[in-house]
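In case you want the letters, here they are:
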Amino acid sequence: MANVSLLPAGDYRTTYRADTTIFPTRNSRIALWLGLALVAASPLFFGRYELSLLINIGIMGIAALGLNILVGFTGQISIGHAAFFGVGAFASAWLHESFHIPVWACIPLAGVITAVVGLVFGAPAARLKGLYLAIATLAAQFILEDFFARARWFTGGVAGRLTEPLTLFGFAFDREETYIYVVLFFVVVMFLGAANLMRTRDGRALVAVRDHYLSAEIMGINLAYYRTLSFGIASLYAGIGGALYAHYLMFVSVEAFNILFSIQFLGMVIIGGLGSIMGSLMGAAFMVLLPEVVQSAAEALSGSAIDRLLRIGGSISYLREMAIGAAIIAFLIFEPDGLAHRWRLVKAYWKLYPYSH
Amino acid sequence: MEEASPILAADHVSLRFGGVKALTDVSFSVRRGEIFSIIGPNGAGKTSMVNCVSGRYRPTEGRILFEGQDITRVGPNRRAALGIGRTFQNLALFGHMSVLDNIMVGRHHLLKTGFLRGMLYWLGGAQTEELAHRREVEEIIDFLEIQHVRKAPAGTLPYGLRKRVELARAMAVKPKLILLDEPMAGMNLEEKEDMARYIVDLNEEWGMTVLMIEHDMGVVMDISHRVVVLDFGRRIAEGRPEEVMADPHVRRAYLGEADEVTQPAEEVV
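Protein sequences, first through last, are from chains A and B. Position 160, counted from 1, in the first sequence is what the numbering used here calls 450; the numbers after and before it change by one each time, with no gaps. Position 209, counted from 1, in the second sequence is what the numbering used here calls 204; the numbers after and before it change by one each time, with no gaps.
Take these hints with a grain of salt, some might be off.
Listed next, the stretches of chain B that the computed footprint assigns to chain A, with coverage defined by at least 3 CB atoms under 8 Å from CB atoms of chain A [stated by the list, open to error]: (1) 45 to 53; (2) 75 to 84; (3) 88 to 94.
Hints in this document: simulated from the structure, not taken from any laboratory. Every residue gets a Cβ at the ideal spot worked out from N, C-alpha and C, and that includes glycine.
Required output: the full structure, derived from the provided sequences and hints.
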């Protein structure tokens, strides 16, 4: 069941080009365009609050995809991803304020700056593996956090830094209804980029390093280069996510990018599915929506008998943290391949329905 | 054949791990275009020797010459570009990648697109390059008759197929010299016959020089042009298969004293 091909019976593709598409079936392409159209039309039927959730999913999805390239595809580990996210946020704000570069150019540039920072901190990855690498990235998290608090020229110090909205041809994307299109654009570009990467030389090299680094080396893959490169790419994604975040909130505070946030990114990647591109987006959606669900569940409960018994009224925020922890544990036990895998199973089930055996 | 220049030469190679001598002063040369086998009892240092050639180990003493060039200090990942490919004794496929992707990894040093052009795919020429190499990879897939598992994750395949995919991946490197570490281990008779045919074909039709470790003496005798015998890390004989088999040292060290007893035992494997 797990390996059921989602292609229609028979393989009728006659060119290699048709055999290398990202979305192999017509239904998946229809679903893609429908999804994009729905998001593009969402300001028509969603309020600002729902739109802010969508924007958050997109931003977190981009950053989570970066971490997935590092953790899921290359088999490295990083517990400092939020710090790189922060570098991107501050870099974009700093570039705009200090050099008056337009915001639309600041966002990709912030990605590049973060990638360079990531390459520096990723250098130990060329030699370290597993737990040792985890500790090295933990060091990156704390060093960068400390840097944020002290480097007033870059971050505005503990007071944080105000940012400007993105403007294009005099049009300001300063509200949820408009900013959603900016995020949508970057989500499409970054996810396409990752999907393309994974079907070309360097993407395959990353996965080869993960699956069997000894034979990867014999196949001509430079292990140190690809292990470090993977940090660079992950940071590029984190930086662009961070920059989008900065110009959405219009304010970047130093405390936001702590280790808990890093762990949340890891949670998104695990829940979404290690080594799955769309899984990164699913994981981000799960992580953004879970607190909302818990919140509304708690609100529904408040005043009820259970509330009076457990007195959860004041501890909703704890409930949220607990739910995230519980979700990660539940996924590790019941669905270690993440939401993306579960989604494939669902599709396979309906493809074979009602003759599933 | 006799006059052909050596494509690979091991020049007084010794390999020590602390006090353990894996190889002691081993020299041999592989001529261009031949099927050359390394045989010897378990623990004789055959795989260590192949690892020295592929770059996994660096010899403690001695040199490895490939096409006359000293490659003793060349990193393993750069030897693929020089023209050395290999398979592993214990399967070393990329288990979660499809068979096709596994083989495409073998093209790594032949592909030019970096990650940026890869991400742009349609714009930087990555697509054109991918499709061109896909065509060549398909020829290897056809040759090894693994069309039906092209898209299957390599980790899900049965053992015999995995061995073939690994051979395909090594062939995709376009090596001048291909190192096969026990290509027939654990196979049944039919699979062995297939594999032997592939090895002969890739030698004769694809023009690859083959350096092979194999325990199945029948196959070694049948398809090798020349053989070197190792025992306890030392070279004890080198020459044509029938010469080597007649060598008294080999009979004693490898086949045992009472050869009429051990000979059938070999067949049982």
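To see whether the hints hold, each was checked on the structure:
1. 45 to 53: holds (count 3)
2. 75 to 84: Per the Cβ count (5), the hint holds.
3. 88 to 94: With 5 residues closer than 8 Å to chain A, the segment 88 to 94 of chain B meets the three-residue bar; holds.
In summary, the structure agrees with every hint in the numbered list given earlier.
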